[in-house]
Every structure is written in structure tokens, then in C-alpha cells.
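Protein chains in written order, with my numbering: chain H, 1 to 88; chain G, 1 to 199.
Heads up, some of the hints might be wrong.
[Said to hold, decoys possible] Cβ-Cβ distance ranges computed for the label pairs, FRET-style:
| # | chain 1 | residue 1 | chain 2 | residue 2 | range |
| --- | --- | --- | --- | --- | --- |
| 1 | H | Thr-76 | G | His-118 | 43 to 51 Å |
| 2 | G | Met-133 | H | Lys-80 | 22 to 30 Å |
| 3 | H | Lys-68 | G | Phe-61 | 39 to 47 Å |
| 4 | H | Leu-39 | G | Asn-129 | 20 to 28 Å |
| 5 | H | Lys-80 | G | Ala-109 | 47 to 55 Å |
| 6 | H | Ala-30 | G | Ser-138 | 38 to 46 Å |
| 7 | H | Lys-80 | G | His-113 | 52 to 60 Å |
| 8 | G | Ala-177 | H | Glu-71 | 26 to 34 Å |
| 9 | H | Lys-80 | G | Ala-73 | 17 to 25 Å |
| 10 | G | Asn-115 | H | Gly-41 | 35 to 43 Å |
[As the list claims (entries may be wrong)] These stretches of chain G come out as covered by chain H in the derived footprint (C-beta under 8 Å, 3 or more residues):
| # | stretch |
| --- | --- |
| 11 | 75 to 89 |
| 12 | 136 to 142 |
To be clear, the hints were calculated from the coordinates, so they are not data collected in a lab.
All of these numbers come straight from a predicted model, not from anything done at the bench.
Built from N, CA and C at the ideal position, the CB exists for glycine as well.
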Amino acid sequence: MTSALKNMIYNCKQATFLIEKRIAGKITAAETLLLHVHLAGCSVCRTYQQQSMLINKVFISFENNDFKLDEAFKKTLIEKIEKEIIKN
Amino acid sequence: MQNETDKEYAVKSLHSAPLSWVDKYADYLYGFAMLRLRNEDVAKDLVQDTFLAGLQRLDRFEGNSEEKTWLTAILKNKIADFYRKRSTSTLKDLNVTDAEHEQQDFFDAESGHWNEKHRPQAFGLEVDNPLMMKELGSILNECLAKLPGLWFSVFSMKHMDDLTSELICTELKLTAANFWVIMHRTKLNLRACLQKNWN
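Chain G on its own, in the form it takes in the complex (with noise of 0.2 Å):
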């Protein structure tokens, strides 16, 4: 009978947190998921393994760190593991003269000059213009969830984590000329798919 009762109060001071982490965190992470992933479901998936995998390990939380700081330690880590498992996936299928030779669409296959309907053209856009700038922002969205995952996982490395070229090649076991091919690929997309639906 004791010890039911230590173990329901041991049980209930060291759960007080997990049940406020909804609360007080659901938002925060889900929000730092979408920004590198930009995918609803696998967003929702991370966030909610992120806070199990919390509850397991909540004896090796030492307070050292904010519990926000932690959680998204561990969310970090899953979001990592979910790009090496993509990325594995998706080179098996990859081919780069498959790649070299979609973007030869953008250029003629000669010259290397653009082709007519892929010429990028002023957007007409006031940059100092916050209303035009959201408009601009949320088309951009829309383009980056268009984009082929591995596609996606490299550039947001790159550009939200500001991680350098050789670490993205290693965690996604990419060569260095398949990296820049991808590079550039991803932008010729964003900027066609946002130059074919501005305006």
C-alpha cells in the first residue's frame, strides 16, 4: 500500500512536465518540422515520435538544458534520420543523366541557352511591398512542396541549417557533383514553378 502510493507520487512529480508539453511545445516543433520538411503528414509523425521518444528518455533529462531545447535535440535527430532514410531510398532510383537530361529542357541542348518558354522574366515584384512579399512567399511554399524530397532535404540543409556542401554529401551519401547538379535543379524548379504562378 506504501508503495503504491510513493510509486503514483514518484509517477506523478516526474510526469508533471509531459502532460504540459502539448501545451506549451506542440507548435514550436511543429513549426521547426515543416520548415525542413514541408510535408503536413510526416511533420505530424516526427512531432508525435519527438514526444514519445521524450517520455521514454525522461530519466536521462537532466534539466542540464530547457525542456524546449531538448525536445527539439531529439526532433533534430529524427528529422536527420528521416533525410538519410530518403535520400537512401531515392539514389537507388536516381540517375544522374536522368537529371542532366530533364533540366536540358530549361536550355537547348547545343547552345545551352534557355528555350523560349523557360526564359526567366522580370516578376514585376516591389520588394519593399510586405503584402506583395507574403503573396510572393506563399507561392514559394507551394513550389517547395512540389519538389522531389531528396531535392528538398538538400536545400534546406543547405540554406536553414546552413550546413556546408561536404557535410550534406556525407549525411545523404551524395558525391559532390551529384550536390551541385541538385543545386541547381532545385532553383531552375522554384524559380519556373513561382515565375508560372506569380500574377
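This is chain H alone, in the form it adopts within the complex (with noise of 0.2 Å):
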């Protein structure tokens, strides 16, 4: 193997570049059996790959409801809507 190649293989930040443009992209065949290779070799990169793909699940899991606004903004939003009316 020449050194380039294995420089390459071996190279996490490269690997999780790629684990992140796979998951939110594509990434090209000749990437995936580098990050193939270097997944099998790397425990590390695949509890980042692990703990990437959670991140993302656990974003997406957030809904509307889980944030919620103070009454006294509402009162002042209520007030301003009226004072507006009015102008009109």
C-alpha cells in the first residue's frame, strides 16, 4: 500500500467528514470503501458514526409544543395587536 493511500485510510477527520456527508449527502463509491476500510479499523469513528446518527435523530425528535411562551409576552403581543387595530 503505498503511504498516500494509507495516510488516507487512517485519517479520522477525513472519515468523519465523510460519515457526515454521507449522512446528509452522498459521498462517491471510491469514499465509501475508504470509510468502509477505515470503520473496520477505527472502534473511535464508529462510536462517532454511532453518536452523529443519534444527534440527528434526537434533533429531528423536538416538536413544537417542547417550547412554550411566558403569558406576560402574550399579554403584551395581545395589546400590541389591539393598539394596532385600532391605528387602522
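Build the complex: two chains, separate frames, hints provided.
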């Protein structure tokens, strides 16, 4: 194996970049192979990949009603709308 | 006198709905905005702007869509405007080499291997434990709020609104290379933040 190829295969920065690109878009066949070989030998990046996908899963599971407006702000909103209606 | 009553009547019938907007839609719209901004002040401002813009355009609301859908569409545009403005102002200062440089902290500059202190470790998480997942969710929320604004826009447009990377690049005036650097950095930072604050 050439050392250039070795460097590519054993590069965690590159591997995590490809993991992200694969999750959110697509990667080439050569990149898929490279990543496959890397992950087979790198448990740290396998952990990274698992956690990266978990983060996406948790992120998309947030819902509108996880966030609530405080009553004081709602009151000022109503007042502003009333004022605007009177103005027009 | 007659005119006056007519006018009053018109105002009343036209505006009977807006007075109930806050009760009916404020929480929903705020949640919608918070999911895409993670910034309370900006979310509140945009919800207020949405209601005021809705009032201005009441005559153009033809009742073809639900009021809620109509207001949400106005809010969506306001969020997109906010993203665009934030991107333009950030990009002026954003230097991609800086971005790359910062990232090297996670990895050895020569070999690209993980640096010891940034190496991912198992969270020791039971994914089928709802309480644990809820806890993880609230930590993730704090981590998301700490992200630079532009990164969060990119991440949210991709994963919350499911937009293509091409569209996001056009909207935010990013190159494809820039886009992927941001996606990578965002995830590295979120993951590191979770690891730091979990347990």
C-alpha cells in the first residue's frame, strides 16, 4: 500500500467528514470503500458515527410544544395587536 | 354618522379573528420559530412581526387556507430572511482557513488522528430509556443554542426543513465546500458538547 493511501485510510478527520457527508448527502463509491475500510479498523470513529446519527435522531424529534411562550409576552402581544387595529 | 357605524362594523368583522390569534397560534408559532432558531429573543420578535404583518395583509387573506397555515407561511419567510441576513453578515467575517484551523484542535494536524482529549467515548446511554433520552435532548438543546448562528441555520435547514444542500448554499450564499465544512464542524462541536455535559 502506498503511504499516501495509508494516510487517507487512517485519517479520522477525513473519515468523520465522509460520515457527515454520507448522512446528509452522498459520497462516491471510492469514498464509500475508503470509509468502510477505515471504520472496520477504527472503533473511535464507529462510536462517532453512532453518536452522530443519535444527535440527528434527537434533533428531529423535538416538537413545537417543547417550547412555550410566557404569559407576560402574550399579554404584550395582544396589546400590540389591539393598538394596531385601532390605528388602522 | 351612518358611515361611522359602517366603518365600525367593517373593522369589527374584519378584525374579529386577529384578536384571537395570540390565544390560538402564539405558542405554535413560537415553537415553530424556536425549533429553527434556538434563540428566545429572536423567536419572540419574529412571532410579533408575523402577527403585525398578518394584520397589514388581512385584506389579502382570502380564506383559501387555514389562518394557521397562512400565518406559518409568513413566519417561514421571516425566518428565511433572518437566516439570509445572518449569513451575509457572518460570511464577511468568516474565513474558511480559520474554520479549518479550529477543527485541527479535534485532530492531529499531521495524521488526522483524534487528539486524545477529543476522542469520542461511549455515552453509556440506554436509547430505549425515555427519561435518559429526554435528559439527552435538553443537553442537546443547550449545545445547539451555543452554536454560531450560521452553523445552526445550516444544520436546521438541512435536518429540520429537509432542504437540499444545493438550495441551502444558494439561500445562504455558501459554496458547497463551505457547506460541508460547516456541517462537519457543527457535528463535531455538538458531539463534543454532549460528551462534556453528559453525566
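Evaluated hints:
no.	hint	in the structure
1	H:Thr-76 / G:His-118: 43 to 51 Å	45 Å, holds
2	G:Met-133 / H:Lys-80: 22 to 30 Å	38 Å, violated
3	H:Lys-68 / G:Phe-61: 39 to 47 Å	27 Å, violated
4	H:Leu-39 / G:Asn-129: 20 to 28 Å	27 Å, holds
5	H:Lys-80 / G:Ala-109: 47 to 55 Å	54 Å, holds
6	H:Ala-30 / G:Ser-138: 38 to 46 Å	40 Å, holds
7	H:Lys-80 / G:His-113: 52 to 60 Å	56 Å, holds
8	G:Ala-177 / H:Glu-71: 26 to 34 Å	47 Å, violated
9	H:Lys-80 / G:Ala-73: 17 to 25 Å	21 Å, holds
10	G:Asn-115 / H:Gly-41: 35 to 43 Å	19 Å, violated
11	75 to 89	violated (count 0)
12	136 to 142	holds (count 4)
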